[in-house]
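Peer 1: Since the structure of chain A is provided, determine the placement of chain B on it from the hints.
So the protein sequences, as listed, match chains A and B. By this note's numbering, the letter at position 4 of the first sequence is numbered -9, and the numbering carries on one by one without gaps. In this note's numbering, each number is its position in the second sequence, counted from 1, plus 358.
The set of hints was computed from the structure by calculation and includes no laboratory data. Hints may be right or wrong, so weigh each one.
[Claimed, not checked] Simulated restraints, written as ranges between beta carbons of each label pair:
#: 1; chain 1: B; residue 1: R451; chain 2: A; residue 2: F62; range: 19 to 29 Å
#: 2; chain 1: A; residue 1: S(-12); chain 2: B; residue 2: D420; range: 23 to 33 Å
#: 3; chain 1: A; residue 1: D51; chain 2: B; residue 2: I467; range: 29 to 39 Å
#: 4; chain 1: A; residue 1: D51; chain 2: B; residue 2: E438; range: 29 to 39 Å
#: 5; chain 1: B; residue 1: P472; chain 2: A; residue 2: V49; range: 47 to 57 Å
The C-beta atom is built at its ideal place from N, Cα and C for all residues, glycine as well.
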Amino acid sequence: SAVISQKPSRDICQRGTSLTIQCQVDSQVTMMFWYRQQPGQSLTLIATANQGSEATYESGFVIDKFPISRPNLTFSTLTVSNMSPEDSSIYLCSALPGHLAKNIQYFGAGTRLSVL
Amino acid sequence: AQRVTQPEKLLSVFKGAPVELKCNYSYSGSPELFWYVQYSRQRLQLLLRHISRESIKGFTADLNKGETSFHLKKPFAQEEDSAMYYCALSALRAGGTSYGKLTFGQGTILTVHP
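Okay, chain A solo, but in the shape it has when bound (with noise of 0.2 Å):
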């Protein structure tokens, strides 16, 4: 298993502005994940993150936007930039301990994110 913290849990920040979202696992992983939860919405994967390289993002995401980075095997941020009160949602951190074999994912407690 894997334990996650993700911060900060939540936040309120002004248009026009940059939040950096941090995901420690306490353990080295295979794959790190970051997914957006808009209000009333499910789940929506934002990006794949590879340590050592650059993200890969799904459709409708871009690296302008969401920039992420992960310098390691425990470690990633997601930076929300040029906020607008249309970021208004939750951010959840996911790891992908083991071998992808072992095919289960284990969750931050995620940020919620308020923009004005």
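Peer 2: Leaving out everything else, chain B in the frame of chain A:
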């Protein structure tokens, strides 16, 4: 592309009644299906996965490839089962390993009344 559909946004039952949360999926390749649960004030956690064929907290789910369904069932619901339930799909490579990322359904809020 893959898609997961949970047709019921809300489901209410009484304690001791059977409960079934529906999940249908579309994917042209081989999928792995999961049920994740989020209890009040807790983080999202895995409930069960089709490959394990386990019963967790009395819940079972069978993958029906013909009907492309993965419904979650429990014969006797308990109040502590009240939570948000998400069905999710992960695409599998030809060798059986996963691409890792999950596609989630819209979620079903289950409320079990005393």
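Peer 1: Now tell me if each hint is right for this structure.
Peer 2: To see whether the hints hold, each was checked on the structure:
1. B:R451 with A:F62: 19 to 29 Å: Given a distance of about 27 Å, which is inside 19 to 29 Å, the answer is holds.
2. A:S(-12) with B:D420: 23 to 33 Å: holds (25 Å)
3. A:D51 with B:I467: 29 to 39 Å: Hint holds: Cβ distance 35 Å, inside 29 to 39 Å.
4. A:D51 with B:E438: 29 to 39 Å: Given a distance of about 44 Å, which is not inside 29 to 39 Å, the answer is violated.
5. B:P472 with A:V49: 47 to 57 Å: holds (48 Å)
In terms of the numbered hints stated before, the structure departs from hint 4 and from no other.
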